[in-house]
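Asker: Here's the letter readout for the chains.
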Amino acid sequence: MRAVWAIAYGMVKELVRKKDFYVLVIFMFVLLGFLSYQNFFQVKGISRYVRDFGYSLLMFFSFTIAVTFTAKQLPSEIESKTIYPLLAKPLSRHMVIFGKFCGGVMISTISFTIFYAIFTGFYMTGGGKSLVLLGQGFIFGVLFLCMVSALVMFFSNFITMSANVTFIFLLYLTIRGFSDFLRGIILFSKGIVATLYGILYCLLPHLEFFDLRIRITHAWDPLPMWVVFTVVGYTVLYCCMLLSLAGYIFERKRL
Amino acid sequence: MQQKVIIAKNLYYTYETGNKRVEALKGVDFSVDNGEIFGFIGPNGAGKTTTIKLLLGILISKNGELAIFDKSPSNSNTRQTVGYMPEIANYYRYLTPVELLIMYGNIFGIDKDLLHKRIKILLELVDLEEVANRLMRTFSKGMMQKVSFAQALINDPDLLILDEPTGGLDPVSRKRMRGVIQDLKEKGKTIFFSSHELSEVELVSDRIGILHKGQLLAVGSAKDLLGEKEEGQSLESYFLKMIEERV
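Sequences listed follow chains A and B, in order. In this text, residue positions in the first sequence follow this note's numbering: the first is 1, and each later residue adds one. In this text, residue positions in the second sequence follow this note's numbering: the first is 256, and each later residue adds one.
Some hints could be false.
To be verified - Here are the simulated distance ranges between beta carbons:
no., chain 1, residue 1, chain 2, residue 2, range
1, B, Arg276, A, Tyr22, 46 to 54 Å
2, A, Ile249, B, Ile376, 23 to 31 Å
3, A, Val12, B, Ile498, 28 to 36 Å
As the list claims (entries may be wrong) - Derived lysine-lysine pairs resembling DSS-like cross-links, with alpha carbons at most 27 Å apart:
no., chain 1, residue 1, chain 2, residue 2
4, B, Lys326, A, Lys81
5, B, Lys275, A, Lys253
6, A, Lys81, B, Lys281
7, B, Lys478, A, Lys81
8, A, Lys13, B, Lys372
9, A, Lys19, B, Lys478
10, A, Lys72, B, Lys396
11, B, Lys275, A, Lys81
12, B, Lys478, B, Lys468
13, A, Lys253, A, Lys72
14, B, Lys275, B, Lys259
As the list claims (entries may be wrong) - Which stretches of chain B does chain A cover? Using the computed rule of at least three CB atoms under 8 Å from a CB of chain A, they are:
no., region
15, 307-316
16, 326-336
17, 432-441
By construction, these hints were calculated from the structure, which means they are not laboratory data. Idealized CB from N, CA, C, for every residue including glycine.
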């Protein structure tokens, strides 16, 4: 595990020393601050919009950091040939993949935590009260970033960094837009068609499971704990499957 | 009997790209004894880097046998006692040399106190102690080469594999590195290195292997290879003659 930690820690150092992250933090702070300022004019229900916009923004920024930082890891290691001294060390390629995944999760979780802290500040001052729901939102956010990092690591084996980033963004939008539609088809179709759609539905990474935006915006009740545990289980299973496959493919990749 | 650190028997490797097949190694046989400095020379595309990649388990040969310390290079534990300096010294530019060495030391599982002591010694050895905490993105090629040498020694390896170690170094640093290589030999370390600098190879190697188009043309000490040399013949002229004969 020390080797995995060493690889992941190297990625965190990169985040700390690059400007992109600081720009996003400042941008987030300024945008939410500006929106909250509108509250002084007593526009009815404005805090709900601030919550909605703020939550979407923090998820988008964290998602962007997770995708861009993780997507460039393997291709840039191969391109700059830093992969050779790394693979000459006593670690398997599975460990390299796992280390890079952990680094991606750490980087995006650090960013997400900072964004979430800013959001929480605005949420609490805007009349939000449910800390349990906020806690659940945080857990779901981290799980979402784990899923995204695992997906990016998996596709890093096949496509370039820019193609990977584009693909993951498109995948996310497609899943957000079509999974409800697909669920509807499965419910109303029968026989082999229903089975095929069912298989497709199960194989898709359900990134929409992690979205608590509407619940947080409207200050609904927190989720029952069994739902939280089910989503945790789903994430662990899906990430293990993706990372095992990614490691298997990377092991066979000629470098 | 000398213990063999590297044993390569009938080693083959073919690169396949689309319909194209390029035979990089064609039945290469050699062995390296414990405590020996083995110089590997050959023109570009001879198969030197492919051999090194096979030794490190980065590539796997489907034909032939290859063992390091009697173990397969594809087993990651084999690399616990191996140090490697790549031809292109490119490292994470947003890290400092100390951070890079800590990262690699942690991968080897070196004890924290020992690691910090070793880093200090290594940075002194390669003359980088003054820039130890400076980001490597500001480093010159020669400085990166020194970092590369230091990282290859972080685990105090029993076998050191160096790919063009003196490329990009000034004459003073080159001489210093030669001295370090000799010191390592005196400590009983085995060194396998490839180079284009034939005079360098002649100066430090106990034995030399000449590789050309994936075939090992000759193996022996410089004295053996140049045994019947005419006056003024150097390893370079012997090497060129041998390659030309093949062409």
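Asker: Does each hint hold? Answer for all of them.
Answerer: Each hint, compared with the structure:
no. : hint                                : in the structure
1   : Arg276(B) <-> Tyr22(A): 46 to 54 Å  : holds, 50 Å
2   : Ile249(A) <-> Ile376(B): 23 to 31 Å : violated, 40 Å
3   : Val12(A) <-> Ile498(B): 28 to 36 Å  : violated, 49 Å
4   : Lys326(B) <-> Lys81(A)              : holds, 26 Å
5   : Lys275(B) <-> Lys253(A)             : holds, 18 Å
6   : Lys81(A) <-> Lys281(B)              : holds, 26 Å
7   : Lys478(B) <-> Lys81(A)              : violated, 36 Å
8   : Lys13(A) <-> Lys372(B)              : holds, 22 Å
9   : Lys19(A) <-> Lys478(B)              : violated, 58 Å
10  : Lys72(A) <-> Lys396(B)              : holds, 24 Å
11  : Lys275(B) <-> Lys81(A)              : holds, 24 Å
12  : Lys478(B) <-> Lys468(B)             : holds, 24 Å
13  : Lys253(A) <-> Lys72(A)              : holds, 17 Å
14  : Lys275(B) <-> Lys259(B)             : violated, 36 Å
15  : 307-316                             : holds (count 5)
16  : 326-336                             : holds (count 5)
17  : 432-441                             : violated (count 0)
When held up to the earlier numbered hints, the structure conflicts with 2, 3, 7, 9, 14, 17 and fits the remainder.
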